[in-house]
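Protein chains: 2
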Amino acid sequence: MPQYKAPLRDVKFLLNEVFDYPGHYAQLSNGGEATPDMVDAILEGCATFCEEILSPINHSGDLEGCHFENGNVTTPKGFKEAYAEYVAGGWQGLSHPTEYGGQGLPMSLNLMKAEMMGTANWSFTMYPGLSLGCMNTVMQYGNEAQKNTYLPKLVSGEWTGTMCLTEPQCGTDLGQVKTKAEPVGDGSYKISGTKIFISAGEHDLAENIIHIVLARLPDAPKGTRGISLFIVPKFMVNADGSVGERNPVVCGSIEHKMGIRASATAVLNFDEAIGYMIAEPNKGLEAMFTFMNTARIGTAVQGIAHAELSYQGALPYAKERRSMRALSGKKDADQVADALIWHADVRRMLLTQKAVAEGGRSMIYHAAKLADNMVNGILEGNQAKYEDYDNRLGFYTPILKGFLTEMGLESANIGMQVFGGHGYIKEHGMEQIARDARISTLYEGTTGIQALDLLGRKVLLQTRGKCIKEFTNEMIGFAKGHAFSGGPIGAMARALIRRSLQWKWATLRIMLRAAKDRDTVSSSCHDFLMYSGFVMMAYFWLQQAVVASEKLADKSGKETPEFYKSKIQTAEFYFDRLLPRADGHRTGMLATSATTMAMDNEHFVMG
Amino acid sequence: MPQYKAPLRDVKFLLNEVFDYPGHYAQLSNGGEATPDMVDAILEGCATFCEEILSPINHSGDLEGCHFENGNVTTPKGFKEAYAEYVAGGWQGLSHPTEYGGQGLPMSLNLMKAEMMGTANWSFTMYPGLSLGCMNTVMQYGNEAQKNTYLPKLVSGEWTGTMCLTEPQCGTDLGQVKTKAEPVGDGSYKISGTKIFISAGEHDLAENIIHIVLARLPDAPKGTRGISLFIVPKFMVNADGSVGERNPVVCGSIEHKMGIRASATAVLNFDEAIGYMIAEPNKGLEAMFTFMNTARIGTAVQGIAHAELSYQGALPYAKERRSMRALSGKKDADQVADALIWHADVRRMLLTQKAVAEGGRSMIYHAAKLADNMVNGILEGNQAKYEDYDNRLGFYTPILKGFLTEMGLESANIGMQVFGGHGYIKEHGMEQIARDARISTLYEGTTGIQALDLLGRKVLLQTRGKCIKEFTNEMIGFAKGHAFSGGPIGAMARALIRRSLQWKWATLRIMLRAAKDRDTVSSSCHDFLMYSGFVMMAYFWLQQAVVASEKLADKSGKETPEFYKSKIQTAEFYFDRLLPRADGHRTGMLATSATTMAMDNEHFVMG
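Protein chains in written order, with the UniProt record's numbering: chain A, 1 to 607; chain B, 1 to 607.
The shape of chain A in the complex, shown without the other chains (with noise of 0.2 Å):
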């Protein structure tokens, strides 16, 4: 069973010796607090809180899964506790204003604690993380009344929230919401209809549940541009604080899932249940997107996540198991075999997974601080400040979603791979990741949605190319700087050189082609967003290997030259066997839809 240890060195390495968070943090209106000795402190109480307390409930509540009966949730054993250790311990009001209670920090130590809570137990953190884009939602469009009514509980977790967007036929075409909003004439609104896939929609960890909801008004135009967002507490809110009647919104049922099974998906009916509008009215799904961005990345956190414990957990079963003989010669003589982590191939896994874990977590690391200056926009009432940011991770954003999951799919599997036969068995805990790191492609919009995004709307729409342009020149400039740096430096410079300029010019083969014909969007984005993944974490791993190799050479990393040596070889292992990858991509996303648009509808048969 993976017992999850927090990866803090390689935190701290991001941190302070890549992306030098101490000197972002100075500049941040909201930074002040975050000195290293603060940022240190809440890493390793979150470490522990994550190794302790959420890690040895994660494999059981995957066994028992979650109770329904009557309308009512029941977690698993240990989750009420752990959770109630968790708002004891302060930990979701992190990154929320102190006038609510919070702690006032950048949002980026809120991205690092859900990653370490994430790996620890992804459904155990699922509860905590749907009031984000609740607390979010009302900070940034509720009144001064809705603020100080709900925000005090949630920031201190008391209570939780919820975002209710899907409905049984829609889920990303969100034009097709049913869900009826009728005004009451005070001010309040009766919400009538059906919200399935909610997570965290009902449970037992909390005395209330606040949830967003999309709903129509009486005359709302058609489509996206009719619906509009509601407050629906569970119970309502007495004029002292305190909770009171029930709202007649009742869980119908909870889904039987794949994997996060300790994670109570919720079918909501809302049968005349009231709710106060929050943002204007025919304006929820735009206010619904501002934050849009950060919960795709919290989101993007769980392909780390699970590639991470999947490490975790085929490393010491590597070093431990012993089948075989390596090829070149024996290497355990004096025992029966050779442990599996001398086979080339074991190896190749075990690579792979660390190289998705910390190329992806330094992608992260890197998009949490233009979240922390999104975020800062806001705070300061500088929309222009808060667009440029927000258009800026806006272009990270369905690459890490939809690049990371899918790694991180593919990492967790590689897990089993390296357990063989007992990969498959319940009792090892490797397959409940891969069943966990499942859902990552699916919600908060597929990777097909994501490759849309990117590719249809970010690339083509909104910037003709631009965010492209400047990106892989971003890439260019970092890596001529060591272009002409002899051994594996100098090589991943140069190949990541070529590989930009190769970016660039099939960017825009893509954006000629599409101009005449639509449908190579849809039919290129899949490609374009995995090559566009394979490219940029190349980037980042050459950053990685870049500053490790300095920290080698002016001595000041000889404590643990070890690690650093150890990034320079993931580094150069991605390159070598990771990164051709992006060459099948590119072949077929230059393809043009020819292939995929020529069969008939009716063609496609079975038997």
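Just so you know, these hints were derived from the structure itself, not from any lab. The beta carbon of each residue, even a glycine, is placed where N, CA and C say it ideally should be. Please note: incorrect hints may appear among the correct ones.
Only some residues are given here: those of chain B computed to face chain A with a beta carbon under 10 Å [as the list claims (entries may be wrong)]:
1) Leu-8
2) Glu-308
3) Leu-315
4) Met-416
5) Lys-480
6) Phe-563
7) Ala-582
8) Met-606
Once you've looked at the hints, dock chain B against the given chain A.
Just chain B now, with coordinates in the frame of chain A:
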């Protein structure tokens, strides 16, 4: 929920139009009975059995799983009745000799039967499937008394069989087997030890179970050269053939697995159980390898089974579910949104599944002809013929098993992806397919073991590259005849010629490197396997496309032109979108082992 429909049109296309099975059967010593009418009757009867009996209990079997109590296993509801029908229909003995009650037909028919049954219900198919290895072993190595005692009941299906290889400390590395066999003095042995992962090791479907067990004689040499093979019946068999006393081989527990939950995977404790040696002392492993190729190709079938079933689940959903508008404009203008199938990225997913299922099927059907000839060698007592065809089959085996199961797993996951979030919910049945498919890359030799078998044994040790040379020459020979055709056939033929030359040269480069650096073989083998699979599948797609194109050209296919058109279209999709993935694997397999081997074992760390 996918309702299985046997792909008889495609099966008959392969049998009659692509591979000339009628001509093939006519030249087999046991092919006389396999007339086209007989073959049709078998396929149609099997299809009905699979669609009406096996498919309906596939999902319920997963939900219920197997029950274990006091050493006894109860299979899920409906399995016992279905198995009784299977036995009553005489399906088990389809390709076993008439002298033991079988129908004596070529084994390819059994493989076609296994594909249909396995697609409808893989868990169920494991029970009769495991008997196959047992029957083949007894037939090949048993003495007359053993054959007469066990074969009639195994061939009828009244009894089932197992293969007991794996022990807690070893799976792949059977040299570590510890189970002991002490001679009793009367020609029998007392078998003691623990075997794990024994599929169909205990169940309630048949009145007796015949275990084939790997164990060591007291004076056996260490390692693989000291392993013998024993028949150990669950119940002793009386002189009159009736079932007698219980033999002390007891099921200690069954595994809780990620998938194939209706298939019982037993821990078997042998406590001085009576066994009878079969084959020569210390030659057990060799005997076990006689039918290794056919057993592994039986597992390769799982790749296409799950690709097919997942396609059958995803296709109707893609036609019914509506979301957004196609990028090239409204398609179902009178509906709230366009059907998923109008979106190019969804078509990409469906076409991938179709390309894997049908491309893989044609690879299996080709290999099945070799298997028929191999079995003929055995039946005719012609060792040279057996070896010749077994060697030819041996080249396909790791590619089919390794590549098709990996692609089958990917296809099963794609099916979930088409469903979006609904794919993650148990009731739709799509996630079961992905869980069931997950075992296929692990058992019967992991993908890593297949890869090592292909590159290390088949290519380097056994043939010094000759197998690749011959196969690529065969591909070139075929493609040359079409390289000057206009249109898609010519383009695909030329692409295949380029790939053939590339494969040949890349193999040579790896061979040269491997002579100096043994770790290269293990480091490169995974990418080599996947590369080989992608190129081989291209050859089999070209063959199908050529036949389809001829049928359209000479009007003999005028009754179902859409079938032939869709074959060519799927082939084009394969060449455009899937075959390019070979490029990434090519670069990967040509990388030196330096980057995989560089890191010290102890520098792989966590935290």
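Interface restraint verdict for Glu-308 (chain B) against chain A (beta-carbon cut-off 10 Å) | Because about 8 Å separates Glu-308 (chain B) from the closest Cβ in chain A, which is inside the 10 Å limit, the hint holds.
Holds or violated: Phe-563 (chain B) as interface residue toward chain A, Cβ cutoff 10 Å?
-> Nearest chain A Cβ about 8 Å off; hint holds.
Hinted contact Leu-315 (chain B) with chain A - closest CB pair below 10 Å = Cβ of Leu-315 (chain B) sits 6 Å from chain A, so the hint holds.
Given hint Leu-8 (chain B) near chain A, where the shortest CB pair must fall under 10 Å = holds, 6 Å
How about Met-416 (chain B): closest beta carbon in chain A under 10 Å, or not?
-> Hint holds; Met-416 (chain B) Cβ to chain A Cβ min 7 Å, cut 10 Å.
Does the CB of Met-606 (chain B) sit less than 10 Å away from some CB of chain A?
-> With Cβ-Cβ at 5 Å, under 10 Å, it holds.
Holds or violated: Ala-582 (chain B) as interface residue toward chain A, Cβ cutoff 10 Å?
-> holds, 7 Å
Does the CB of Lys-480 (chain B) sit less than 10 Å away from some CB of chain A?
-> violated, 24 Å
Checked against the numbered hints above, the structure violates only hint 5.
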